[in-house]
Amino acid sequence: MEIRQITADERIDTMYPLLAYAFEASPAEPGVREQYRQRMPFFRSATSLIAEEGGQTLAGVAAFPMQQNVRGLVLDMAGVASVASHPSARRRGAVRQLLNRLLHQMREQGSVVSALYPFRPSFYGRFGYVGLPRVRRAFFSPQGISHLVKVELPGTVERLPMGEAFDEYDAFTRRLLRQRHGFSVFDEVRTAEFRDDKMWVAVARAAGGEVVGAVRYRIEHFGGDLVGDDFLTAGPLGRALLLQFFARHVDQVSRIVIKLGADEVPDLWGTDMAVTTEGRVAYPSNAGPMARVLDMSALAGARAGAGRVTVEVIDDDLIGGVYRLESEGGRLTVAADKAAPAARLTVAGISGLAYGVLDPIDVLARGFGQVDAEGVEPLRALFPRELPYMFADF
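Residue numbers (this note's numbering): 0 to 393.
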């Protein structure tokens, strides 16, 4: 079996047949291959690897160059996607070898964290990935927020086609990248594909013109659902303006459906607010994201509580080693250490702490390492719980 890197154009004859069989209706409808070919300019910055044997492509993986906020730091991220294998090659280790090669290569290219959406979390857990919260969906009637129609708010909302709103929308997501823990975005090459999406964008602006909220959406039909993508706001004003805009659809749609981060509480948006908030995770088709650290030193400067502890990261040739973690002025310092560690953590264990989804006790309970009694409180203080909102879906 030979592993080699391919170009975006080579994906059509090598990776596409595997991806189409794995993730689409099969056999594919006529024209689907051509549609895929037309998308390849947006994949030119991706790193794509395939495994071949006897002239046949057995499996493929890829990573998009992205950025992600981890506790206030904007870090280069490898967004792993396009993982597929030929049925005859499954359970033969081809994907495992490709992923190992891909993670090392992306680290060499500067990525210091990585994220993905798994078909089966336990498989990616072997590579050090740990689960992050999946976005929630809120379902509610515009009647529940109708009180907002009469409120005078210091701002406006403009409805634009995606093509016209793209530059402002993209700039707003990159602003949120600097502000929200876990938030991730594609590079400009991959993002450009979304300019032509057939969606409306509601852009909320404060009185001075600053964008404070945005949501992409479509309306199914008169009397049907208004279906929104991620409900993006920079604060309470953006939220109120966008909800007021939705409320004005009370005689047009019966229900509003939007995506929310795990920290949003829509049942507090109105006094008579009847809402269903759903966080549905299912495999293999509706997985929550997973992430891992590729470079411990890159975490230096992240927000951290007061504390100091020595930890050993085990069983990983990318970040394995002993580190002293300490807070200085509310920021994390990371240094190699020779002291006896108070915790021996797998990559998933240290990644779960860094991303704010695991407590040291969770690390023990999940089998992600051992933490001595004297290590629990320092780790808990250094890495307080902070739910990430990944945004980008790939």
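Don't take every hint at face value.
[What the hints assert, rightly or not] If you anchor each label on the Cβ, the simulated ranges turn out as follows: (1) Glu-1 with Ala-305: 48 to 58 Å; (2) Gly-162 with Leu-363: 48 to 58 Å; (3) Tyr-282 with Phe-138: 15 to 25 Å; (4) Glu-327 with Pro-26: 40 to 50 Å; (5) Gly-54 with Gln-108: 38 to 48 Å; (6) Phe-22 with Gly-208: 49 to 59 Å; (7) Ala-335 with Thr-275: 23 to 33 Å; (8) Arg-254 with Asn-99: 22 to 32 Å; (9) Ile-218 with Glu-23: 20 to 30 Å; (10) Glu-277 with Asp-371: 36 to 46 Å; (11) His-103 with Phe-221: 48 to 58 Å; (12) Asp-271 with Gly-222: 41 to 51 Å.
In short, the hints are calculated from the structure, not lab data.
C-beta atoms are modelled at their ideal positions from N, C-alpha and C, and glycine is treated no differently.
Status of each hint after checking the structure:
1. Glu-1 with Ala-305: 48 to 58 Å: The hinted range 48 to 58 Å holds for Glu-1 and Ala-305, with Cβ atoms some 52 Å apart.
2. Gly-162 with Leu-363: 48 to 58 Å: 51 Å, holds
3. Tyr-282 with Phe-138: 15 to 25 Å: With a Cβ separation near 23 Å, Tyr-282 and Phe-138 satisfy 15 to 25 Å, so the hint holds.
4. Glu-327 with Pro-26: 40 to 50 Å: 60 Å, violated
5. Gly-54 with Gln-108: 38 to 48 Å: Violated, at about 28 Å.
6. Phe-22 with Gly-208: 49 to 59 Å: The hinted range 49 to 59 Å is violated for Phe-22 and Gly-208, with Cβ atoms some 42 Å apart.
7. Ala-335 with Thr-275: 23 to 33 Å: The hint (23 to 33 Å, Cβ to Cβ) is violated, given that Ala-335 and Thr-275 are roughly 50 Å apart.
8. Arg-254 with Asn-99: 22 to 32 Å: 46 Å, violated
9. Ile-218 with Glu-23: 20 to 30 Å: 27 Å, holds
10. Glu-277 with Asp-371: 36 to 46 Å: Holds, since Glu-277 and Asp-371 (Cβ atoms, about 40 Å apart) stay within the stated range.
11. His-103 with Phe-221: 48 to 58 Å: Holds - the Cβ-Cβ distance for His-103 and Phe-221, about 54 Å, lies within 48 to 58 Å.
12. Asp-271 with Gly-222: 41 to 51 Å: 21 Å, violated
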